[in-house]
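Trainee: Generate the whole structure from the sequences, applying the supplied hints.
Residue numbers (this note's numbering), protein chains in the order written: chain L, 1 to 345; chain R, 1 to 345; chain F, 1 to 332; chain H, 1 to 332.
Since the hints were made in silico from the structure, they are not lab data. Any given hint might turn out to be false.
Unchecked claim - Below 20 angstroms or equal to it, Euclidean Cα-Cα: the simulated EDC-like pairs (lysine to aspartate or glutamate) are:
(1) H:Lys132 <-> R:Asp41
(2) R:Lys59 <-> F:Asp248
(3) F:Lys34 <-> R:Asp326
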Amino acid sequence: MTVTGVAAAQAAGEQETIDEKKAVTYLEAIREGLWEEMEADESVFILGEDIARYGGAFKLTDGFLDHFGADRVIDTPISEAAIVGAAIGASHRGLKPVCEMQFIDFIAPAFDMLVNFAAKSRYRTQIGAQIVVRGPCGGGGRGGPFHSQNVESYFLNVAGIKMVAPATAYDAKGLIKAAIRDPDPVLYFEHKFLYRRVKEVLPDEDYVVAIGSARIAREGGGLTIVTFGQMVHKSLEAAEKISAEDGAEVEVIDLRSLNPMDDETIIGSVRKTGRCLIVHEAPRTGGIAGEITARINELCFEWLDAPVRRVTGPDTPVPFSPPLEDYFLVQVDDIVKASRWLLAY
Amino acid sequence: MTVTGVAAAQAAGEQETIDEKKAVTYLEAIREGLWEEMEADESVFILGEDIARYGGAFKLTDGFLDHFGADRVIDTPISEAAIVGAAIGASHRGLKPVCEMQFIDFIAPAFDMLVNFAAKSRYRTQIGAQIVVRGPCGGGGRGGPFHSQNVESYFLNVAGIKMVAPATAYDAKGLIKAAIRDPDPVLYFEHKFLYRRVKEVLPDEDYVVAIGSARIAREGGGLTIVTFGQMVHKSLEAAEKISAEDGAEVEVIDLRSLNPMDDETIIGSVRKTGRCLIVHEAPRTGGIAGEITARINELCFEWLDAPVRRVTGPDTPVPFSPPLEDYFLVQVDDIVKASRWLLAY
Amino acid sequence: MDDLSQTQLQELYYYMKLTRSLEGRLEFLFKQGKIVGGLYSSLGQEAESIAAAYALEDGDWLGPGIRNLGALLVRGVSPKEMLLQYMAKADGPCRGKDTTTHFTDPVRGLVGPISPLGTMICVMSGVALSFKLRREPQVALTFIGEGATRTGAAHEGTNLAAVQGSPLVLIAEDNGWAFATRTHEEVANTNLVDMAEGYGVPGVQVDGNDALAVYAAAKEAVDRARGGGGMSIIEVKTYRMKGHAQHDAQKYVPPEELELWRARDPIDRYISYLTAESLATESEIAEMDKRIEAELDQAVSEAEASPMPDPVSALSGTYADAPPAELWAREL
Amino acid sequence: MDDLSQTQLQELYYYMKLTRSLEGRLEFLFKQGKIVGGLYSSLGQEAESIAAAYALEDGDWLGPGIRNLGALLVRGVSPKEMLLQYMAKADGPCRGKDTTTHFTDPVRGLVGPISPLGTMICVMSGVALSFKLRREPQVALTFIGEGATRTGAAHEGTNLAAVQGSPLVLIAEDNGWAFATRTHEEVANTNLVDMAEGYGVPGVQVDGNDALAVYAAAKEAVDRARGGGGMSIIEVKTYRMKGHAQHDAQKYVPPEELELWRARDPIDRYISYLTAESLATESEIAEMDKRIEAELDQAVSEAEASPMPDPVSALSGTYADAPPAELWAREL
Ligand SMILES: Cc1ncc(C[n+]2csc(CCOP(=O)(O)OP(=O)(O)O)c2C)c(N)n1
Ligand SMILES: Cc1ncc(C[n+]2csc(CCOP(=O)(O)OP(=O)(O)O)c2C)c(N)n1
Ligand SMILES: [Mg+2]
Ligand SMILES: [Mg+2]
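Mentor: In structure tokens form, the structure reads like this:
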């Protein structure tokens, strides 16, 4: 899966020879981004459950307490609403808090604070809430219904919130930095299945990945796949298989930013290929694929040679048992099958 | 606006001559439905803030306390999570609680209870949560950002929750009854702007409106408008205007049920007209129009003569000041304009 | 009151009376149809709101509820601003996008509440936390209705401030009603102060209609917070003399109860104190009243003359950068 | 213990030992890779969980947390069921769709928790409310970790039960840690019982490693609730002897602390009591232990032999009627 890492590194102007020793994982990349922003800007601080003494459930902030001290690395009570609320208050005072949700599923008790306080703050009062809320999302880890969700669609109709979801270590670092510097609330979804599974060498210099910009993860002329997060990797695998077996080339767009969305990149690709498949891990009904389909429809209907299709999770919670979770999760073959259907249309 | 009332009454097999004295408002229809279900089934009870002594912020449950007693009409503390949670617990014991959110905006603090407890209960444990959560939604009342929201999209990606949103008194009554009898959690969105503005004579007999069934509010062959709630009335007005001024006939589908959605009725209509406009009051990005567009795309792409379009609120909170709120809200002319664009496509 | 000068004691009166008169004007304008949306009153509760805010110093922060208009006046908000806000004017603090006390101003140290109750405590706990983290000697003060103390957010915010030892003062206002629900229907122990022990913070219960008692308690708590002593809870017992909002005729309130509390009116009581202690003469008071009316005459006429917002401004301001809404159009 | 017979006192031992042995088996299976997902242990806390549940009667309801496996055994759940559940088998209580104590069974009066903490109190307050509304003499009992008491949901649910006077018994378990956060970092007053007064309900603090003390307190609270006396809070002081879950090596825990609490082991202590009071001989205890191991041998082998769920069953069960997921297919 480091294939993508290489692609991203290349896109970022890196050398082609990768020194595996210098490569960092997706998790380390987030960690580095956070660390560097805290070094560079002392108004940045982090708060959440078990992030200080323990270093976070996934050890992402391990060592932060020692280095930055208890005034900037704060273990909170189990109070997600207060974590997000306190972050909003601190942001009104000029600080730049980064909140960790131990699992992104636990953002639900903070829903009101995010949707009603953080998201609407700037519009109502001209004073925004410069906060980041990050946490591990997604399935594949046998986490069951409450440790596997993808929550982007809960917030997609909430004006005032930005959302990003990196698929590579490069983007993970660039996006956490962009999120921290962004003057508005940003939800940062890190796919826990990727934490230690993707790796790449990152630039030495400071860089950000602009919020709102998608990435063409693979070029191709036959079909556009629009996806993000863990599904980028499955889509790339599917694309390789189709290339090898069918000789067709699939373009894979890694959204990276879910709101705002990079319409231009999507539309550019679909105008080129005339065919589009959207892949996401969350259930189908009300998933982000709907919004993307609507935009494609509005902006390049005339170019479509086939209906826009979606490969998604089914309309169920995420089940726990391995055979069930594997069945729930989108697999490479599902993408291959839908791609072939579209290519043949 | 009683025009729709008439149409609905006709559709329901009522006589054409309406006895205005017998006509009941949308609010009274909900009230009647609730009352009758409580009369018929003593396991039904209601709980919420200020619903007993005061009879609810909109007086919808006025008189319930006297009639049904304090064991079935319960004033709760300001604790939306506990209201919904207690309802779930009571439902596990065989009761059928109906919760009122004083404004539907205040469902946000109960988000976790709904999304994680209620919605997933049956899937995880085979034991469902037979609860109804109802409350006034929507703009037009100068309620500002926190008393005007439409929250359906927050829940559209949540498998396990049903959602209904009546536009007429007939449906208001039929759907509240269906919701109460449904074995799964149902969110019931009542548009507060319609409370006292739509009226019709209702059948004497007990009836329900099946969850999952849409209604053709107006027939036409030129264009399909898919909408619900307050926007049904604006869409019908737009349709009349187009009929009078352009001679084209617009079909208006009142979804009534947002999840499950009546794909068949939507698809049947779009296959007939080849053109579709989706109208909703909530902001555009992540609104339910995306899901509908995706389904149309999947199920009748070949029949489309024009891109599916949407007329929605902009991507902002609901502003307070009248000129701002009016500008935010979809107006009849917006629908007329988009319809003409589609008709001319 | 030892630490308040005569001028300050007179100023306290000024704010209480200003609040009451301004709310009277608002009610009048409401009946004329010039107020947009709901109108909330603090009639009978002016003392606690104002006296608590009066204990703050420059640089401190305040998070009001909808019935804390008086506290905002103390912190430098002008009557005209409040009028513009309630009249939904373009030049109101929210530019017409929101109403009541819902505005935020970091310069004056104000955080505007949102309607979902309890949330403000979480946010003010963050303001207070920022003082602590930065080792700045400032204090945050906020209010919560007895009804709103029952929200999850109120609990989480209170606890976070308590356990972090953040300089937050929480004024818990028991005014007898949460909309049409009585205190004992919201909480089994109607002495809200008794929750302080559970949170491990000092708590005190005072007569909310006694401005000086509230001031003394608030001052003590503010001083303690400023000195590093962390959070405090002050319960003020008072009474909501009007319905929940203008639209509520409060038919459910027993008239005797209103009479009882009318006799405890905080302003009448304060006047008696000022005159009995020779801190203000009746004519000085009448002079202040006159000044208030003149100020309000001007504020009202200026506010009335002020324009409504430009409809298109509804689209802007959601995000700091390239707001999608500004690119948005109903047509493709 | 006056109201417990010798048989019952022996049964209490049986459940404590059964719990510990079952958890030992689970740990062993975990290391063999036969447990799916996370594994949580109640080592050192068996007494409070079991003794509290033991105070319930037929028809009462229980809402466990993830560390209340023992309470479930008391209420009739079999070791095999728990094994099937943790092994994610088709015949487990959740049919493989969820894990740990997360299952609901109205017949046995069990409500399964969800992971978001605090929510269970809201739901159990509804179970208790249903008893009250129906005038049924039943009682609901649930548990909450000291960390989870800080959630908004815990507050709302506790308060709703308190103000409604519903027959709910809340066992607040202070086991020293919430994951890797200490009690005093969660709440400034580490005597959780002190929150009872704020809620206006009786509260008592007991040694959670003393099964009989917990039983006595629970029995009193259960009886009071059954008699119409409403809700109670019982704080049990105990200690989490393992890490938060199997994956947590608890490096942050000072070894002295573990030693201190090992000396207070609730089962060792209970054995001393039984033998000292001649309520059980050492050979009777050994006999029980043998029976437990035999039971567990059989449960483990049956559970291991049990099939995994059919993948396609992932699609069903979201709704009672015409579940959209069953119509769903990846292809059009
Ligand atoms: C979370 C939430 N639920 C419901 C409401 C509706 N509501 C607005 S004010 C109010 C009563 C508030 O009572 P209290 O906290 O005692 O304040 P008071 O009005 O007495 O000042 C209610 C229920 C709300 N604003 N927020
Ligand atoms: C709302 C919520 N936030 C975070 C978590 C993650 N989490 C699971 S258990 C736990 C610690 C719980 O501590 P405590 O309540 O003391 O129970 P204990 O584990 O000690 O039995 C945390 C933070 C969660 N389950 N729910
Ligand atoms: Mg009140
Ligand atoms: Mg604990």
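Trainee: The structure should be examined with respect to each hint, and the outcome stated for every one.
Mentor: Taking the hints in turn, this is what the structure says about them:
Distance restraint check for lysine 132 of chain H and aspartate 41 of chain R: the Cα-Cα separation of roughly 18 angstroms lies within the 20 angstroms cut-off, and the hinted pair is therefore satisfied. About 11 angstroms separates the Cα atoms of lysine 59 of chain R and aspartate 248 of chain F, which keeps this hinted pair within 20 angstroms; it holds. Restraint check for lysine 34 of chain F and aspartate 326 of chain R: satisfied, since their Cα atoms lie roughly 17 angstroms apart, inside the 20 angstroms limit.
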